[in-house]
Amino acid sequence: MVDQTLTSAPARDQPPEPRPPALKPLELARWAWRQLTSMRTALVLLFLLALAAVPGSLVPQRSIDAARAAQFAAEHPHLAPWYDRFSLFSVYSSPWFAATYLLLFVSLVGCVLPRSRAHLRASLARPPRAPRNLGRLPVHEETTSTRTPDEVLAEARTLLRAKRFRVDVVDGALSAEKGYLRETGNLVFHLALLLLLLSVALGHLLGYKANVLLIEGEAFSNTVTAYDTWTPGALADESSLAPFTVSLDDLKVRYQTSGQQRGAPRDFEASVRYTSSPDAPEKSYVVRVNHPLKVDGVKVFLLGNGYAPVFTVRDRDGRVVSRGAVPFLPRDGNDTSVGVIKVTGTTPQIGFDGFFLPTAVIDRAGPHSIYPGLKLPRALLSVYTGDLGVDSGTPQSVYSLDKKGLTQVLGEDGRKLVVGLAPHTSVTLPTGETITMDGVRRWTSLSIARDPGAGPALGSALLALAGLMMSLFVRRRRVWVRAAAGDDGRTLVEVAGLARTEAEGGEGLTDEVRELAEQIGTMRIGTTS
Amino acid sequence: MTSEALAHLSNNLLYSAMAVYAVAMYCYAAELAFGTPRRRSAELPDRELVAVGASPAYDVPGSTVATDEDATRQSKASRLGRVAVSLTVLAFALHASSVLTRGLSAGRPPWGNMFEFSTTGALAVTGVFLVLLTRKDVRYLGVFVILPVLLTLGLAVAVLYTESAQLVPALKSVWLLIHVTAAIIASGIFTIGFCQSVCYLVQERRERVPAAERGPSFMDRLPPAAVLDRSAYKMHAFAYPIWTFAVIAGAIWAENAWGRYWGWDPKETWAFITWLVYTCYLHARATAGWKGRRAAYLAGLGYATFLFNYLVVNIWLVGFHSYAGVG
Ligand code: HEM
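Chains A and B supply the protein sequences, listed in that same order. Counted the way the working numbering counts, the first sequence spans residues 1 to 529. Counted the way the working numbering counts, the second sequence spans residues 1001 to 1327.
Chain A with its partners taken away, still in its complex shape (with noise of 0.2 Å):
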């Protein structure tokens, strides 16, 4: 067993004092604190930290998937508004999940700052004297030598010196002590834990995150209103907003062709042009999942795709009413495809609704496509005529009719109206109109966000890394050589080791000892190990 005076290891877990709270306040709060800070307590809280943030995998959550949470939410009607009074779709931003790792970070300043003070001591002070009787440390040599004492003791100083031990003599006895950086690191790796945390806060403060979709040949320009989404943190400010343009000249995708995994997508590429402000160079870039753009601290990243198929509606006299590419939003992973097109400049105002197919069949399962490559396109169309509602003032979804003031249209026998178009093909509506496909075009969604605290987190996280890698990995350890005049003329020496390290057993140190010993004796005599 190790000598209980020889490990004056700073703030190493005393065991919490079960002495009940005096009743002056003063106590009471240091009582408090004390409990606040103590290793057991730091364990509690990280398993607390574990268990709290279990619920969010489990939970749908609005802040990964929306959508998915408003469906649970619809299907537990009953449980839902219960699971939102204790924060269960937004767990990770509930005031339970905060209030554990703030305490737990509490917990850890009221516990590092202490042991920091006392390493800083511990670094500036000699080794601790040694022990009166050697013999009782774990490892421990006897050797003799014929050089007088202090001709052992410098020999011993200069060897340890050399293993960069720091080395102190008193009385006739050495001390030396390595492996400060152990606690170091500790500290380190601790304190950088706090500087991620800061980190995370910064960028959820100062950062932003938008979307916007955007189909080739069209262009957007960095401003809140061109977004579609925008989610700014709370002292993120619209004015800051880096002025850029970005447009898409083209984006391809490649289908993954056969097999199994057939029409898995595996390669997506943007080829973008962007200015950083108005008067600057035009650039061109081509983005990809992995490789976003970077503009002025802020990057745009590839989210999703889908097809914005082009149509011409023209009316009775054969002038244009109505040309665009119109985005429609994919619906499975062969990008069955739903959208609307809304006409205004006729007198009733016209809306189609219904499918885009890039590989189309129609079978028991309704229209839908069988693959997301462009080998079979077909928009397939419902028609309605009436009041669109788009002047009501109201905002209004454009991937949906809104079909209060609209009447579908009737084929010639009496059922509704499907028109099924082919690229550059054309119908001819009951009422007079005509509808062409033009074409097909891609749109991607882009993901636009900026992050201030993203280097400062890479940043302490390594810095926490290299900090647990000197906690684990350095060996912090003691040695004491005593020389004394033995009654023979020959000096005595003693050299002793203890191993300060949990877990590691004097591995090495028992070498390490054995070696000194060697190099400064002549005679070996006997061993405790």
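From the structure, some residues in chain B lie toward chain A, with a derived Cβ separation under 10 Å:
no.: 1; residue: Arg1260
no.: 2; residue: Thr1269
no.: 3; residue: Leu1298
Hint data in this document are derived by calculation from the structure and do not stem from the laboratory. Values in this document were obtained by computation on a predicted structure and should not be read as measured data. Glycine included, every Cβ here is placed at the ideal spot set by N, Cα and C.
Got chain A sorted already, so can you dock chain B with the ligand onto it with the hints?
What follows is chain B with the ligand alone, placed relative to chain A:
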């Protein structure tokens, strides 16, 4: 060779590896069953350097080899043990070739779906075990290591099998490569650590009974609880920073692919939970009253969260990381 032929070869190599593993496992088991007890001394150092197949620790001078009969039995048993190690090396070579040909067939590193993650992960476990064997006498762990390896491979070929194919775009990234490599290595080491923790728990329970009252058991062939505990700790302490690094590399990948380095996607969340539980384990070992048994339970819990992430989250909980490619 065509990609299909390579994939076919890969499968055959895997089946052969499984057969050899199975034989190796029986040899390890036989050594445990028929060998004589290890020295009982609690100070048994766990640092005897034993080369693969060389004489095991209990043959060192000072061990108590009582009778001739014991000695012959012992030498037979340890011959079995050496055979087991050679077979493990052979199985590892077959297994590694299978993983390699699979990668060649797909034209990318072979960890794009759960089948490949399982086979590569199992390879890492055997690899870690073999490396450990060159440094320490851990042959006693053979059964406990090869059994989960075989189970994983069985699960892979029977349930998770996926045709060799290219990757979805989000998975094409050096950071993915780094992230998954680190995660696989860490999980290999955690697996060995977990095996040792389980052995520790059993041994510790056994040691609470006075030595005279204990019946004979193959557990006598295992090192004493204190040694098992320390070895388990070393494994965990070694794997923990690698896991930490894997999580960081994953965050870098996520940042490049989706524009956020952390999104509480179920897969990420569970990697974090695993990390936290192993943090608890390391803390527990430094906390009075939490050393030993309770710490070992935490190690078991940590491993359980890892398995949950790999089996349940990949298959049932959807997320961005839907690379499972199962079904
Ligand atoms: C985010 C929370 C925390 C994490 C991830 C964490 C992680 C770690 C890790 C991995 C170690 C092992 C390194 C080693 O063995 O030297 C460690 C050690 C340690 N931690 Fe923490 N820790 C956290 C919070 C805390 C808190 C709140 C306290 C204090 C109340 C604390 C006190 C300690 C101490 C004293 C050690 C050294 C144990 C020893 O001497 O072996 N930690 N921590």
